[in-house]
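Trainee: Residues per chain are reported as follows:
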Amino acid sequence: MSGTLQDKLRKFLSKKTRKQIEKQDKLRKLLAKMRKKQKKLEQELADETNPETQAELRKDIRILKEQRRKGLEHLQSLRERAPE
Amino acid sequence: MARRLPLIVLLILLGWMFWSSPTLSGIASGVAVFLFGMMALEQGLRGLTGGTLEALLRRSTDRLWKGLAFGAGTTALTQSSTLVSLLTISFLSSGLLGLKQGLGVIFGANLGTTTGAWLLAGPALHFNIGAGALPLLTFGVVFILTRNRILRALGWVLVGIGFLFLGIQWMKEGFETFQQAFDLTEFAMTGLGGLLLYTLVGIAATVIMQSSHATLIIVITALAAGQITYDNALAVSIGANVGTAVSTGLAAITTNTAGRRLAAAHLIFNLVTGLIALVFIQGFLSAVELGSSWLGIAEDNFTIRLALFHTLFNLTGIVVMVPLMGRLVSLLENRMPSMPLQLDQPKYISNNMLETPGAALEATRRELLRLFRRAFSLIAQVLNYEAGQLRKAESRAQLETLPDRIRSVDVDALYLRTIKPLHGLIVDFMARLSVEGDRARQLVLLRVASQDLIEGVKDAKHLQKNMVRYLREPDSPMGKEYLSMRRHLGHLLRQLDQLAAEGEESNEDMELELATLSTRVEENDIVDNGRLDELIRNNRINAEQATSLMNDNAYTNRIARNLLNMARAVFQPFAALDPELRDAIALNPGEVRALLNELNTANSQQEKTDP
Numbered sequence: 001m002s003g004t005l006q007d008k009l010r011k012f013l014s015k016k017t018r019k020q021i022e023k024q025d026k027l028r029k030l031l032a033k034m035r036k037k038q039k040k041l042e043q044e045l046a047d048e049t050n051p052e053t054q055a056e057l058r059k060d061i062r063i064l065k066e067q068r069r070k071g072l073e074h075l076q077s078l079r080e081r082a083p084e
Numbered sequence: 001m002a003r004r005l006p007l008i009v010l011l012i013l014l015g016w017m018f019w020s021s022p023t024l025s026g027i028a029s030g031v032a033v034f035l036f037g038m039m040a041l042e043q044g045l046r047g048l049t050g051g052t053l054e055a056l057l058r059r060s061t062d063r064l065w066k067g068l069a070f071g072a073g074t075t076a077l078t079q080s081s082t083l084v085s086l087l088t089i090s091f092l093s094s095g096l097l098g099l100k101q102g103l104g105v106i107f108g109a110n111l112g113t114t115t116g117a118w119l120l121a122g123p124a125l126h127f128n129i130g131a132g133a134l135p136l137l138t139f140g141v142v143f144i145l146t147r148n149r150i151l152r153a154l155g156w157v158l159v160g161i162g163f164l165f166l167g168i169q170w171m172k173e174g175f176e177t178f179q180q181a182f183d184l185t186e187f188a189m190t191g192l193g194g195l196l197l198y199t200l201v202g203i204a205a206t207v208i209m210q211s212s213h214a215t216l217i218i219v220i221t222a223l224a225a226g227q228i229t230y231d232n233a234l235a236v237s238i239g240a241n242v243g244t245a246v247s248t249g250l251a252a253i254t255t256n257t258a259g260r261r262l263a264a265a266h267l268i269f270n271l272v273t274g275l276i277a278l279v280f281i282q283g284f285l286s287a288v289e290l291g292s293s294w295l296g297i298a299e300d301n302f303t304i305r306l307a308l309f310h311t312l313f314n315l316t317g318i319v320v321m322v323p324l325m326g327r328l329v330s331l332l333e334n335r336m337p338s339m340p341l342q343l344d345q346p347k348y349i350s351n352n353m354l355e356t357p358g359a360a361l362e363a364t365r366r367e368l369l370r371l372f373r374r375a376f377s378l379i380a381q382v383l384n385y386e387a388g389q390l391r392k393a394e395s396r397a398q399l400e401t402l403p404d405r406i407r408s409v410d411v412d413a414l415y416l417r418t419i420k421p422l423h424g425l426i427v428d429f430m431a432r433l434s435v436e437g438d439r440a441r442q443l444v445l446l447r448v449a450s451q452d453l454i455e456g457v458k459d460a461k462h463l464q465k466n467m468v469r470y471l472r473e474p475d476s477p478m479g480k481e482y483l484s485m486r487r488h489l490g491h492l493l494r495q496l497d498q499l500a501a502e503g504e505e506s507n508e509d510m511e512l513e514l515a516t517l518s519t520r521v522e523e524n525d526i527v528d529n530g531r532l533d534e535l536i537r538n539n540r541i542n543a544e545q546a547t548s549l550m551n552d553n554a555y556t557n558r559i560a561r562n563l564l565n566m567a568r569a570v571f572q573p574f575a576a577l578d579p580e581l582r583d584a585i586a587l588n589p590g591e592v593r594a595l596l597n598e599l600n601t602a603n604s605q606q607e608k609t610d611p
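Residue numbers (my numbering), protein chains in the order written: chain E, 1 to 84; chain A, 1 to 611.
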């Protein structure tokens with residue numbers, strides 16, 4: 001068995017690695033949902049005529065963007081932390 | 001007095017036995033030691049496998065065959081159908097298991113229990129197991145005296161097996177000595193009368209001893225000693241099967257409707273199985289004959305043949321009853337409908353669940369969800385929303401609509417009537433739950449969540465006074481602020497109610513929605529976002545009004561934060577909670593403020609540039 005294959009197998013069998021992968025998957029799913037929600041809000045903003053609602057939607061979008069940015073940073077750090 | 005009569009008769013009978021015959025007292029002591037062994041074994045197995053069994057049961061509910069295999073496998077392994085039945089009743093009562101899945105487990109447990117007859121009729125009778133009892137008891141007691149929980153549980157298992165061995169040995173010796181003095185086969189009865197009478201004896205013995213294993217060991221040792229005829233022993237084994245369901249039924253009296261339905265199904269199953277065995281006994285005897293010749297069982301080995309008979313008729317019961325399971329479930333649901341609960345009655349938690357902590361914690365979580373719905377209704381009334389109307393409100397305009405008449409509700413009376421009794425029961429239940437490790441953390445989370453919910457309700461009471469006063473003048477500057485607070489809290493309540501209903505559907509959706517709601521709370525804090533200062537600077541409110549607004553803003557925020565904290569702990573099962581995922585997207589108050597400032601600056605710059 002080649003060294004790489006052994007490494008891959010070890011990674012697969014390691015509980016820690018599996019947990020890490022699970023966490024990354026969950027966060028990735030969450031970020032995808034946030035992206036979808038952001039698009040939906042942007043569409044609502046484009047259709048909205050009431051200035052007050054427009055301001056609220058802008059606020060929601062900005063906050064969602066910030067949350068996504070934080071989430072992406074966390075995902076990056078999880079990837080970096082992943083055992084080689 | 002009349003209720004205690006059977007016990008008094010039993011005690012007198014035992015006393016007479018001990019006085020008149022050392023042999024009979026040997027048999028009676030053997031039975032008592034055997035029963036004590038069963039209890040010790042059950043206690044040990046509960047400590048040793050409790051968590052594992054619960055985790056396995058959770059995974060064995062999606063397919064009928066899995067439920068059957070779980071029931072049969074765990075009962076064969078633990079030799080305790082009572083343990084499996086009680087675990088299943090707890091899971092069913094807590095809503096973790098449906099009736100059909102529960103039936104699968106119970107049917108399987110019935111098959112699993114037949115392995116006991118094989119063990120008792122085989123190795124237990126043919127070896128001097130009494131010799132092994134003393135070392136087991138000694139090692140067991142040493143383990144029980146240690147501090148380690150697992151070793152202690154193992155100790156109880158060893159002590160249990162030790163006493164079982166000792167009990168069997170005493171019974172065996174007792175019947176062998178008894179044989180020299182009396183011949184009980186003189187009382188043997190043949191034909192239908194004998195079949196029915198000895199079936200009744202089996203039922204009575206199992207109900208009294210609360211163990212079909214105990215009845216079987218008596219009949220097997222008596223059969224081995226030639227003190228009971230083979231035909232009568234078969235009838236006693238049929239009775240033991242029915243008797244065990246009667247015992248489960250008695251245990252289920254204190255559970256909720258779901259638990260009682262399962263116990264009734266168990267009784268029906270065992271009655272039908274017993275009836276089939278009685279009606280087709282000749283057919284079963286032929287089948288035993290055939291099976292014995294295939295398996296090479298000697299013609300005079302009646303104890304093993306009895307075990308084979310016991311397995312065959314239980315297996316037949318499963319084959320007959322599984323296709324009828326759907327109908328049985330409908331019948332039980334129709335005949336035993338869920339009774340409308342009183343306000344102070346719990347729906348999920350019950351005392352007999354305290355022995356199964358996993359199910360008990362899940363039941364507590366579900367009970368807290370019920371409590372949340374009551375708190376939702378109370379806070380909605382404080383805000384002058386109809387609960388149903390709030391659940392349906394989709395737009396901002398619907399959340400802003402005021403009723404024709406602004407009312408004040410008696411929060412204390414409502415709290416005492418709808419919330420406090422149930423909350424008290426939940427707190428009492430949690431206090432009596434004994435858990436360790438991860439489960440202890442879950443219990444703390446639930447306890448804090450229940451407190452958060454109550455504090456939310458109490459803050460709503462304080463908020464009501466000014467809320468009602470200013471909602472009556474919605475066009476004034478203060479009225480507009482209270483209208484805005486009402487809308488924000490209304491929106492939060494509605495979203496939480498929806499999340500509570502969706503519950504376990506998606507972990508990510510729940511986290512995202514809770515994070516959004518949490519940010520909104522920060523956003524809407526009129527002290528932090530500068531709105532209060534603006535109102536004061538522009539002389540739209542006076543100093544007294546400003547302090548009222550500040551206090552009520554604090555109440556509103558506290559209600560929102562408490563409800564959100566409660567939702568995080570209660571809306572999802574503990575296993576689905578992921579604090580890291582939550583923290584990954586959470587914005588702290590400082591970050592929200594910075595964002596709002598950035599947005600305000602952008603808005604004012606746009607206003608300046610706009611013509």
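No lab work stands behind these hints: they were computed from the structure. Predicted model, so just to flag it, every value in this text is computed and none were measured. One thing to keep in mind: the hints can contain errors.
For lysine to any residue, the following SDA-like pairs were computed, each having C-alpha atoms within a straight-line distance of at most 25 Å [what the hints assert, rightly or not]: (1) E:K36 / E:R79; (2) E:K36 / A:R374; (3) E:K40 / A:K465; (4) A:K465 / A:R374; (5) E:K19 / E:K70; (6) E:K37 / A:R561.
Here are some, though not all, of the chain E residues that point toward chain A, as calculated from beta-carbon distances under 8 Å [said to hold, decoys possible]: (7) K29; (8) L30; (9) L45; (10) I63.
Think of the CB as a built atom: it goes at the ideal place given N, C-alpha and C, for glycine as much as any other residue.
Trainee: A separate judgement is required for each hint: does it hold in the structure or not?
Mentor: Hints and how they fare:
1. E:K36 / E:R79: 23 Å, holds
2. E:K36 / A:R374: Violated: K36 of chain E and R374 of chain A sit about 34 Å apart, past 25 Å.
3. E:K40 / A:K465: Distance of about 39 Å is beyond 25 Å: violated.
4. A:K465 / A:R374: 21 Å, holds
5. E:K19 / E:K70: Satisfied, since the Cα-Cα distance of roughly 21 Å is no more than 25 Å.
6. E:K37 / A:R561: Status holds; Cα separation ~23 Å.
7. K29: Because about 5 Å separates K29 of chain E from the closest Cβ in chain A, which is inside the 8 Å limit, the hint holds.
8. L30: Result: holds, 4 Å to nearest chain A Cβ.
9. L45: 13 Å, violated
10. I63: 5 Å, holds
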